[in-house]
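**Q** Okay, here's what each chain looks like letter by letter:
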Amino acid sequence: MLANTAESWGTPAKFFHWTVAVLILVQIALGFTAAAWRLSPMKLELFVWHKSTGVLILVLMLARLAWRLGNPSPALPANTPPWERTAAHASHALLYGLALALPLSGWVINSAAGVPFSVFWLVPLPSIVAPDERLEELAKLAHLSLLIALCLVLAVHIGAALRHHFIKRDSVLLRMLPETWRHA
Amino acid sequence: METRLTPAWIVPLGFLMCAHALAADWKMDPGASRLDFVASFEKNAAPGVFKEFDTRLARFEPDRPEGAKLDVTVKVTSADMKSGDVNRAIRGPEWFDFARFPQAEFHAEDIRRVAPGRYLARGVLSLKGVKKELEVPFAWQESASAATMEGEVNVERLQFGIGTGEWANGSTIGLGVRVKFNVRLRKEG
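Residue numbers (numbering that gives the first Met the number 0), protein chains in the order written: chain A, 0 to 183; chain B, 0 to 188.
Just chain B, with the same shape it has in the complex:
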């Protein structure tokens, strides 16, 4: 079907194009970005890191973040907890199940500003085959063509079936996991 642009369409379309021109697409600089997590092991903090992950932030304009889209992909198999024994254990089906779920994703299309420089991304986290809504607060700092996105969020591991069976009791391995990100983004194009 052929669509003709009538004058009534042109005005909103013009606004859309203006907004699009202001809002930029952002791409992650992997070398300058970190995705850490802190689990707990026998009442001690047990830190780990996902060495490989990617963040894309589309159409993000700090003053009007409503139209933005955040996409994060995490290579779960790149998890490193600084201990050979622990790294071997977390591969198994009771924990991350690398064989079946090598990747986790977070997608948010509802990003709002809550304070100057502070935002909240509401989206869905897919992890170990489970999708759950998750609110991720972050701080945004921009300079020239680069920006830093930083924040942390608590993830309840049992919601995603991580640590099943006898590990589901949180007394030896805690139930809450703190996920921290410090992401360096560059404006595209």
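Pulled out of the complex, with its shape left as it was, chain A reads as follows:
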């Protein structure tokens, strides 16, 4: 089933959700490892992986956003109180915004740092700003702040999904999982 229905997410929506979810976790681990590594060829390689994964997430998120805009999302359970609806929409909008803003701020860091970079060593990524050490520091601060915000919203997101499943006992989490798991 490709398109979303009123009851459940379609396969592309699930693919985007879980691929980006895994990539974001890998990406956070790569980012901290690369930043902490002593200056060596390994550090440079780790940063190429981190930056490449960031570009991949950016591309996937843009495709995902287009898919979501062209494809109505499943409805929330009818008995969902208005504040929960507002919170759900706001947190989803924040997640999309942060998952786009983080790679973009990383792109600014890389450009401001004046370091040449090719995505997965293959596709040269153009600079979006001129080399500028002050801007690089600001962009690094923004990157870290956005990451902290992402982690907070992710905690709410995961907490809410678990609450739907274990406390409210509705289908909100299940409908993002593979079809076959529902009947297991």
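In case anyone wonders, no lab produced these hints; they're calculated from the structure.
Check each hint, because a few of them may be wrong.
Below, in silico cross-link-like pairs of lysine-lysine (DSS-like), each with a Cα-Cα straight-line distance of 27 Å or less [unchecked claim]:
1) Lys127(B) x Lys42(A)
2) Lys26(B) x Lys179(B)
3) Lys139(A) x Lys131(B)
4) Lys81(B) x Lys42(A)
5) Lys81(B) x Lys42(B)
6) Lys74(B) x Lys50(B)
7) Lys74(B) x Lys186(B)
8) Lys131(B) x Lys68(B)
9) Lys26(B) x Lys131(B)
10) Lys131(B) x Lys50(B)
11) Lys42(A) x Lys42(B)
12) Lys50(B) x Lys68(B)
13) Lys186(B) x Lys42(B)
14) Lys139(A) x Lys42(B)
15) Lys167(A) x Lys13(A)
One-sided and incomplete, this derived list gives chain A residues near chain B with beta-carbon spacing under 7 Å [unchecked claim]:
16) Trp120
17) Ser126
18) Ala129
19) Glu132
Ideal Cβ placement from N, Cα and C applies to all residues, glycine included.
Given chain A, work out where chain B should sit, using these hints.
**A** For chain B alone, coordinates are given in the frame of chain A:
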């Protein structure tokens, strides 16, 4: 000891003086000259520039370059790769080692013409305490009392111990570095 010029000495001496009168000494115009290099970083071109350097070309006569002498001094510490992080890294002992080797030099006394307007200077490059023979091709364009000397040469960084230890593997930072020069010279005197 006293030396007397016999008539037999005068003829060759006269030729020498004639040749010397034709061959000019050239001095660099720093504002109109550039010394660039292109390294490679994770499969990308990583350009840099030596902001301070000097070129002197003595006794150079385009039609008879054999007696000329080329002297280039490069202030290695003036290297700029457009990135604060990279600029800090290249100062260290594994790379240029600014503290011990602030200057590089190229001296050539074997300059020959290989085609009209094209020359080859064979000399010795001293860089990071290592001396290696190097052939530098260049194009020469002269107008009135000024001239342009332009060319490029490949330098293998490991021959000069630049990027040692774990950096000696060329997979992250390439081994070949392209050095490009575009030098504006003015006739002296």
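**Q** Hints first: check each against the structure and report whether it holds.
**A** Consistency of the hints with the structure:
no.	hint	verdict
1	Lys127(B) x Lys42(A)	holds, 26 Å
2	Lys26(B) x Lys179(B)	holds, 19 Å
3	Lys139(A) x Lys131(B)	violated, 43 Å
4	Lys81(B) x Lys42(A)	holds, 20 Å
5	Lys81(B) x Lys42(B)	holds, 17 Å
6	Lys74(B) x Lys50(B)	holds, 8 Å
7	Lys74(B) x Lys186(B)	holds, 23 Å
8	Lys131(B) x Lys68(B)	holds, 17 Å
9	Lys26(B) x Lys131(B)	holds, 25 Å
10	Lys131(B) x Lys50(B)	holds, 23 Å
11	Lys42(A) x Lys42(B)	holds, 15 Å
12	Lys50(B) x Lys68(B)	holds, 23 Å
13	Lys186(B) x Lys42(B)	violated, 42 Å
14	Lys139(A) x Lys42(B)	holds, 24 Å
15	Lys167(A) x Lys13(A)	holds, 22 Å
16	Trp120	holds, 5 Å
17	Ser126	violated, 10 Å
18	Ala129	violated, 9 Å
19	Glu132	holds, 5 Å
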